[in-house]
Amino acid sequence: MAQSQSQSQTSGGGGADAFAGYRPLPDTYDELYVPSGPDGLGRPRANMSKLLDPLIRLGAGELAHRAELAHLALLNQGVTFSVYSDSAGVEKVFPMCPIPRIITASEWDTLERGLIQRTRALELFLADIYGEQAILANPKIPTDIILGSDAYLPQLRGIDPPGGVRVHVGGIDLIRDGKGTFRVLEDNLRCPSGVSYVLENRIVTKRVFPELARRCRVRGVDTYPTRLADALRSVAPGPDHECLSVVLTPGVYNSAYFEHSFLARMMGVMLVEAADLFVDDDKVFAKTTQGPKRVHAIYRRTDEAFLDPEVFRPDSMLGIPGIMRAYAKGNVALANAPGNGIADDKAIYPLVPEFIRYYLDEEPILEQVSTYLCARPDDLAYVLDHLDQLVVKMVDQAGGYGMLMGPQASKAERDEYAVRLRAEPRKFIAQPLIELSTTPTWIPERGRVEPRRIDLRPYVVSSPEGPWVLCGGLTRVALVEGSYVVNSSQGGGSKDTWVLEDDDPDEPEAGGTLIEEMIEC
Amino acid sequence: MLISRVADHCFWFGRYVERAESTARTLGSTRETMLGAERAAPISWLPMIIVAGERERFAELIGEARAEDGEIVQNYMVWDLRTLSSLHATIRAARDNARAIRDHLSIEAWEQINGVYLWMKSTDASAEWERDRHGFYGRIRRGMLLLTGIMRSTMLRDDALEFVRLGSVLERANQTARILDVHHHAITRERPHVVLDTAMWLGLLRACAGFQPFMRRNRGRVTGEGVAEFLVLESRFPRSIRYSLASARQRVEGIRAPDGPGERSQQHLAALRGWLLERGPELLAEGQIHELITHVVDEVHACASDISSDFLGG
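Chains as they are written, first to last, in this note's numbering: chain A, 1 to 521; chain B, 1 to 314.
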């Protein structure tokens, strides 16, 4: 089957054109196509047609073959996640659409500056709120919403993290609205996941689309593990050469275990579980084959509620008793810092532009989405009146769980949700439905390319020298037709995200890093 | 230096990989021996079950009388997931351990074990099982040998690899001992039936990948005592008990930090080797193979316990 397809390709043209009949959705920004003509049929954007050309020429049969190759590559590499709702131990491949998502150099330039600005402000806010709390004197800041949040952990106040960094890894989710403007949708400052897919997707794309990769100069992503390892070392107490960093995972049954193992492998550091660590004399040690070894920096991929039973969850059998004492004494760096949830809380999100003005004295570079805080009576009244136009989210839920998509929900669903809203308004926020941008996506069961909605999660790594942004990030795609929900747990997939080296992809020989150079891993 | 839990996964990864290779080889060679067997009476596959330590469970799940049916025994030893000794379960256990130590395995090593595991679950494997039994066992055997070779040629010479090899050589000593034990009656019988027993000995050598090495060492002279001595004491045959134990001792020496834990394992392995060199030839000459093997199997088990408490947090 695969054989005959590649033969037909070499004989010129892989049969049906997979892009024929591509129609961008109404009122939606499509990143590669614009509608042309009265029937809504699309044509490639002028600056994208050269990039798209080799893809379009492949034809549907060959595209199907390449998509299958991509799936096989991920399966063989074990790039899988575990699904909670399924029986234990079921691993699934996070589906990857082989057609890359493309961001131009000038678009990226703005995003990168905006992400650095936002991360700096959030970092300063955390230092302040767990320190002096000077910002609470600002009349524009609602003190009760901050200090009353479950995500604010007063027991951490006065603890200075080693190296002064709290957001070692930030994942800031972006979407594009109907006009194509990038907007921040939410911040993830606790332990954002997904970066392993960015690196693996790039390897797969190079393997399955060598002709496309050769043509475009795409900025590399493979320095991420080095950057992260450096950031951990830079905040670890003690001399550099003695620094022992570890990745802390909940274990092989965690849905993101592949990523934990991947990062440990790529950084060359030990992968540990909580039971492998213990605290003695307010220092953290690993139980090794050569006896106890001091640990200086922990990239923790465990929920902070299970970090230290002495502090957070006394009933928890998990965790490392005493680790918070070691942290408070500056004997171990924890990445990310516990307590960061107060800065990425959905109810705090509307305040971030104000943080940027307050701490940096700058205007925000990135737009965000207007948000109604149901804790405010006026906002609640508006939300209840306009449920059919709004997306309502629970402040303490992630992953697309517990939300109401007002415009798509039935009247009964909205009425039921309204009861919950009135009962506990503090738990909810609401936003207008944004027509997330689309990009051409391979739909295997239809054998053609159709528009599907996407978002973007860039990754920001911070050391005492400041933030650094990984070029691109994770593009998630809602594979289900008409869906706005991109989460892997809800039928989402991913795409390789290409940031172009420059905006004229016409001259592939003009220097820069050619993407065809393989990543060694 | 390794996290003890990780070292434990490495150790068991090595054991399961070795066990899968050995089980595939033993099943294949037993089958070939049966096909060529000259005896008229039905031959039992029971020894195969006993080598795997599965006699009781097989009797309970399948029934001991059915051990005469080679298809039933092979089905049980290849596909039955109710036992950890089946090839399918062993490969799955190897892959589960590999997944826990992915950051220590080379990417090629991971792809190899994951590839064999995915194949084993696929319809390709069951189709090959039906169509070409010889090819089926060969594929698993080669898959595991390739994995061992990949690890040797792509991985850092550090403790992770040493623990994998330690698990592998201990499992090998154990497998060779058990295979020899279930056939000891053929070697110690007073009046051997020359043709039949020679076939049995050769099958025994094949089950340990020792046919050609034995022939070279003994210039074609096949006796029961010769086969037993070769499998127990031959210092240059990598699957002999002596060689495997010597290798285990080297691994432990390499792993042990000066003043670090491991003294007990090291001494225990040295003591077993000393016993083997001293009492081994004597016991073999007296035809006391079963006594010798029983001691070796017990002591290998005890050494594994020492290794576990010295290094693996057990």
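Hints are computed from structural coordinates only; laboratory data are not their basis. It is possible that some hints are incorrect.
[To be verified] Just so you have them, the derived chain B footprint on chain A, three or more residues with Cβ under 8 Å:
(1) 75–82
(2) 262–275
(3) 283–289
Just so we're clear, the structure is a prediction, and the values are computed from it rather than from any experiment. Here a beta-carbon is modelled for each residue, glycine too, at the ideal position from N, C-alpha and C.
Evaluated hints:
For the segment 75–82 of chain A, the assignment as covered by chain B holds, since 4 residues bring a beta-carbon within under 8 Å of that chain's beta-carbons and 3 suffice. Only when three residues or more bring their CB closer than 8 Å to a CB of chain B does the claim for the segment 262–275 of chain A stand; here the count is 8, and the claim holds. Counting residues of the segment 283–289 of chain A whose C-beta sits closer than 8 Å to any C-beta of chain B gives 4, which meets the bar of three, so the coverage hint holds.
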